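**Q** Take a look at the letters that make up each chain.
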Amino acid sequence: MSSEKHIIASCVISNGIVEKNGTRLFEAHDGDVQAFLVNAYLHMGIDYPKFYKMDALSKLGWLASEILLKDEPSLKKYAPEEIAIVLGNANASLDVDFKYYKTVEEIASPALFVYTLPNIMIGEMSIRNGFKGENGFFIFDEFDAGFMETYVGGLMDSGTTKLCICGWVDVLGEDYHATLFLVENAGDDTILFNKANMDKIFSGKKI
Amino acid sequence: MKEVFIIADNIISPLGFSTAENFQQLKQSVSGVQLHEDKKIADEPFYASLFPAGCELFMGDKYTHFEQLLIASIEATLSSANLDITSKNTILIISSTKGNISLIETEENNEALRKRVALHTSAQLVADHFHFANKPLIVSNACISGLLGIVTGMRLIQSGIYENAVVVGADVITKFVMSGFQSFQAVSAEPCKPFDADRTGINLGEGAATIILSSNKQDAKSIKVTGGATGNDANHISGPSRTGMELSHVLQKAVKEAGIQNADVDFISAHGTATMYNDEMESKAITIAGMEHTPVNSLKGYYGHTLGAAGLIESIITLQQMKENLVIPTKGFQQLGVTKPVNVAANTIIQKNLKHCLKIASGFGGCNGAVVFSKAE
Numbered sequence: 001m002s003s004e005k006h007i008i009a010s011c012v013i014s015n016g017i018v019e020k021n022g023t024r025l026f027e028a029h030d031g032d033v034q035a036f037l038v039n040a041y042l043h044m045g046i047d048y049p050k051f052y053k054m055d056a057l058s059k060l061g062w063l064a065s066e067i068l069l070k071d072e073p074s075l076k077k078y079a080p081e082e083i084a085i086v087l088g089n090a091n092a093s094l095d096v097d098f099k100y101y102k103t104v105e106e107i108a109s110p111a112l113f114v115y116t117l118p119n120i121m122i123g124e125m126s127i128r129n130g131f132k133g134e135n136g137f138f139i140f141d142e143f144d145a146g147f148m149e150t151y152v153g154g155l156m157d158s159g160t161t162k163l164c165i166c167g168w169v170d171v172l173g174e175d176y177h178a179t180l181f182l183v184e185n186a187g188d189d190t191i192l193f194n195k196a197n198m199d200k201i202f203s204g205k206k207i
Numbered sequence: 001m002k003e004v005f006i007i008a009d010n011i012i013s014p015l016g017f018s019t020a021e022n023f024q025q026l027k028q029s030v031s032g033v034q035l036h037e038d039k040k041i042a043d044e045p046f047y048a049s050l051f052p053a054g055c056e057l058f059m060g061d062k063y064t065h066f067e068q069l070l071i072a073s074i075e076a077t078l079s080s081a082n083l084d085i086t087s088k089n090t091i092l093i094i095s096s097t098k099g100n101i102s103l104i105e106t107e108e109n110n111e112a113l114r115k116r117v118a119l120h121t122s123a124q125l126v127a128d129h130f131h132f133a134n135k136p137l138i139v140s141n142a143c144i145s146g147l148l149g150i151v152t153g154m155r156l157i158q159s160g161i162y163e164n165a166v167v168v169g170a171d172v173i174t175k176f177v178m179s180g181f182q183s184f185q186a187v188s189a190e191p192c193k194p195f196d197a198d199r200t201g202i203n204l205g206e207g208a209a210t211i212i213l214s215s216n217k218q219d220a221k222s223i224k225v226t227g228g229a230t231g232n233d234a235n236h237i238s239g240p241s242r243t244g245m246e247l248s249h250v251l252q253k254a255v256k257e258a259g260i261q262n263a264d265v266d267f268i269s270a271h272g273t274a275t276m277y278n279d280e281m282e283s284k285a286i287t288i289a290g291m292e293h294t295p296v297n298s299l300k301g302y303y304g305h306t307l308g309a310a311g312l313i314e315s316i317i318t319l320q321q322m323k324e325n326l327v328i329p330t331k332g333f334q335q336l337g338v339t340k341p342v343n344v345a346a347n348t349i350i351q352k353n354l355k356h357c358l359k360i361a362s363g364f365g366g367c368n369g370a371v372v373f374s375k376a377e
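Chains as they are written, first to last, in UniProt numbering: chain Z, 1 to 207; chain P, 1 to 377.
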C-alpha cells in the first residue's frame, strides 16, 4: 500500500490576485499580464534579474513557484534528484510563439525562440532551486487533477520522488492562470493530495 | 508491478513508411538528409530530412499535415497489432514539440486559429478518428517528448491503470522551427556529423512514429520496456550541463529500475544531435556511468533531428537492432571529437548480441530522459 501524500502548500495566481495557501498576498487589476506579473514580483520583494527576460508563461510559472516554495522547510529534507516538477496547460507556449514569429521577418530572435516550449519554465524553476528530479509537461484542454493525482502519485510510489511541484500554468494573451501544488510523500495535518482537493484549490474554493 | 511489452511499431519518415522499410534503408546507409531549396522554410538552401513537397497522406483537408502523420503512423501500427483500441483499457499518448505551429505562419491570429493550433485539438481529432474511448494524453517536453511518451506509457501500464498505450509522436519542419534553430546558429551548413571532431550542428528532420505498449505479451520474442527516468540539469535553459552528471544520473536510474547493472547495457542509442555541447555532454554522462566501452550510435545523420518524433523513431530502430542483433553505424561520424572516448559505432554494421539497450535524450529547458529495453527471457 502506498503512503499518504499531502499538499503542503499551494499558490494560485489568477484574475489579478496572488494567493498562497488561500491567503491573499497581492491584488492589482490595472495593466496587462506582463505588468501585473512584474508588479507582483516587486511586491513580493524577490530579487532575481533573470525574471525580466522570461516570457509571460515562464514569468507566471516561476513567480508562482517562488511564492509556493518560500519558507518551506521540506525543501531541505530531500536531494535535488528527489524533487520533481510536473506541469500542464492548454496553450503550450502559443503566447510567445506569436511574438517570436513576428521577429522572423526581420531578425529571428533567439531570446524569444528559446521560450517557445512550455517546459522551459520547468528549467527556470529548476535553475533557481537546483531541482534535478523528474520532469514532465503535458497538454490538456482543461486542468486534469485526476491525471496529476495518478501520475505524481505514481512517481512518489516508485520511491524516487519525495517532493513534487505540480499543477497548471497557462497564458494566452490577457488570459492567465497558475495553480501550483507542493506535494510531499509525507505530512500529517495538511491537505490530502487528491483530485477533489486539487480541484477545490484550483477553482478558489476553501478546503 | 506489471511487465510492459512492445507489441507493434511503425516509422513514417522520408526513408519509408514502415519500420522494415526504414531499417532496410539504414542498413544500406541511405540518409533522408538532403539539400533543400525552399523559400517557404528558409531564405538560403539548407540540409534537412523532409517529406517530398505535396506528400499528402491520403486524408484530404480535414486533417493538417501534422495530424495526417499521426493518423498514418497509428493506422499502420494497428494493422499489425491485435488490439481493441476502443476499450477503456487503452490510452493514446501523443508527443510533439510544435504540432500545428505552421498555421500561425499563414493564418490570421484569431480565436479559431488559436483553438486549431492547440495540441489538444489535434489530439482529440486523432483520437476520434480511431474511436479511442479515453481522452488522449499529450506530452510536450522539448526534445525528450517522444521518450517521455514511452516512459509515461510504461508507468501507466506498470501501475495497472491501463493495459495498453498507443504512443505516437510527430513534428513537421516549417519556417517557425527552422528559423528558430538558425537563430541559435545551431543548424549545420552540411550533413550533420554526430560526435565528430568537425561537427557543426544539427540538421532538422520530419517524421512520425508509433509504439504500442501492452501488459499482454503477444509473442515469445516481445521486447520489454524495463526502466525509464527523466530529470533536469538545473543549469541553463538552452545549453546542456557542463558535466553530464545529471543525464548520467537519469540514465543510471533507468538502468537500475530495469534491474540490471550499468555493465549489462549492450548498446546505447544517443541523442547525438551533432552540436558541440550536446555530444560533449552525452559523452561525459556515458563515461561517468562507466559505459565508455559500450557501443553507442546517433541516427541524426539519417533522419536529422525529428524533435517530438526523435525519441520514438530512435527507440524503434533500437528495437529493430535488438531483433537482428546488430548496431547501425553513426552516419557522418569519422573522427572522435568529444573529450571522453566513448565507443561510437562507425562505418560498418557491427554484429552483436543485444539483450539490454539504453535510449537517451536531452533537450531545451535542461531536460534529460532515458529508457531501457530488454529482451524477454
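Any given hint could be a false lead.
To be verified - Here are the computed lysine-lysine pairs in the DSSO-like style, where the Cα-Cα straight-line distance is at most 30 Å:
1. Lys-99(Z) to Lys-77(Z)
2. Lys-40(P) to Lys-102(Z)
3. Lys-253(P) to Lys-77(Z)
Hint data in this document are derived by calculation from the structure and do not stem from the laboratory. In this text, all values refer to a predicted model and were calculated from it rather than measured experimentally.
**Q** For every hint, state whether the structure bears it out.
**A** How the hints compare with the structure:
Only pairs whose Cα atoms come within 30 Å are accepted, and Lys-99(Z) paired with Lys-77(Z) is rejected, the gap being roughly 40 Å. Restraint check for Lys-40(P) and Lys-102(Z): satisfied, since their Cα atoms lie roughly 15 Å apart, inside the 30 Å limit. Proposed proximity of Lys-253(P) and Lys-77(Z) is supported: the alpha carbons are some 20 Å apart, at most 30 Å.
Of the numbered hints stated above, the single one contradicted by the structure is hint 1.
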